[in-house]
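Could you build all of it, start to finish, from the sequences and the hints given here?
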Amino acid sequence: DTAVSQTPKYLVTQMGNDKSIKCEQNLGHDTMYWYKQDSKKFLKIMFSYNNKELIINETVPNRFSPKSPDKAHLNLHINSLELGDSAVYFCASSPRDPGELFFGEGSRLTVL
Amino acid sequence: KNEVEQSPQNLTAQEGEFITINCSYSVGISALHWLQQHPGGGIVSLFMLSSGKKKHGRLIATINIQEKHSSLHITASHPRDSAVYICAVNYFGNEKLTFGTGTRLTIIP
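So the sequence lines, in the order shown, correspond to chains A and B.
According to this note's numbering, the stretch in the first sequence is residues 3 to 114, in order.
According to this note's numbering, the stretch in the second sequence is residues 327 to 435, in order.
What the hints contain is simulated information worked out from the structure, not anything from laboratory work.
Warning: the hint list may mix true and false statements.
[Claimed, not checked] Chain A regions said to be covered by chain B (calculated; three or more residues, Cβ under 8 Å): (1) 44–54; (2) 104–114.
[Said to hold, decoys possible] Heads up, simulated DSS-like pairs for lysine-lysine below, C-alpha to C-alpha not over 27 Å straight-line: (3) B/K422 to A/K21; (4) A/K46 to B/K380; (5) B/K422 to A/K73; (6) A/K69 to B/K380; (7) B/K422 to A/K11; (8) A/K42 to B/K379; (9) B/K422 to A/K38; (10) A/K21 to A/K43; (11) B/K422 to A/K54; (12) A/K42 to B/K394; (13) B/K422 to A/K43; (14) A/K43 to B/K394; (15) B/K394 to A/K46; (16) B/K422 to A/K46; (17) B/K422 to A/K24.
[To be verified] Just the calculated beta-carbon pair ranges, DEER-fashion: (18) B/T401 to A/T15: 41 to 47 Å; (19) B/S376 to A/K42: 25 to 31 Å; (20) B/N348 to A/K69: 15 to 21 Å; (21) A/G86 to B/I386: 35 to 41 Å.
Heads up, the beta-carbon is just placed ideally off N, CA and C, and yes, glycines get one too.
Here it is as structure tokens:
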């Protein structure tokens with residue numbers, strides 16, 4: 003069983019579209035994160051949730067909206083996609099904050 | 327200016343060599359992480375430490391709180407160790423994880 007799973011793994015879409023990336027963890031962790039890895043492979047946190055509550059919201063455009071229906075899921079919805087949104091998005095979970103991180107496989111988003 | 331500095335940026339070594347990757351940060355931290363990202367893209371947490379030293383197999387991580395410096399060592403390096411190694415820290419009072427730019431390690435057989 004995959005501990006942290008993201009879907010889809012690859013997503014190619016047109017500018018202006020709305021898309022979602024889903025993340026689920028079966029580790030019983032309280033904290034979940036979304037990270038963005040740009041073309042230079044630099045990682046940056048986007049959001050952090052603890053037990054379904056938003057803890058960290060970095061300077062991310064309003065077009066990005068995380069949703070946590072329960073503590074095992076943290077989905078990322080992106081409206082009006084732009085070319086600059088092309089990146090790999092990683093979901094991660096942790097038993098506590100700060101704590102050891104468990105990453106999903108990443109979702110590569112390409113905006114054309 | 328990135329608050330977490332790693333060196334070297336790129337490292338190529340022969341199989342069997344002892345590898346050291348360095349990480350420096352600027353102010354007090356609650357934790358430091360070493361992560362490994364393989365060419366396939368997946369990220370794995372290697373260590374999380376706040377003091378002293380940790381060892382797992384051929385990997386050793388050390389941290390010097392006074393000097394604000396950590397090192398990741400790989401003994402008896404192997405081509406499968408080829409990956410990008412990323413240092414990240416949780417700063418006190420700002421618990422979001424701040425990442426270094428990574429060190430690309432290539433081990434030649």
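Right, here's what the structure says about each hint:
no.	hint	result
1	44–54	holds (count 5)
2	104–114	holds (count 5)
3	B/K422 to A/K21	26 Å, holds
4	A/K46 to B/K380	26 Å, holds
5	B/K422 to A/K73	19 Å, holds
6	A/K69 to B/K380	36 Å, violated
7	B/K422 to A/K11	25 Å, holds
8	A/K42 to B/K379	30 Å, violated
9	B/K422 to A/K38	13 Å, holds
10	A/K21 to A/K43	22 Å, holds
11	B/K422 to A/K54	17 Å, holds
12	A/K42 to B/K394	26 Å, holds
13	B/K422 to A/K43	18 Å, holds
14	A/K43 to B/K394	24 Å, holds
15	B/K394 to A/K46	21 Å, holds
16	B/K422 to A/K46	9 Å, holds
17	B/K422 to A/K24	22 Å, holds
18	B/T401 to A/T15: 41 to 47 Å	45 Å, holds
19	B/S376 to A/K42: 25 to 31 Å	29 Å, holds
20	B/N348 to A/K69: 15 to 21 Å	39 Å, violated
21	A/G86 to B/I386: 35 to 41 Å	39 Å, holds
Going down the numbered hints, you'll see the structure goes against 6, 8 and 20, while the others check out.
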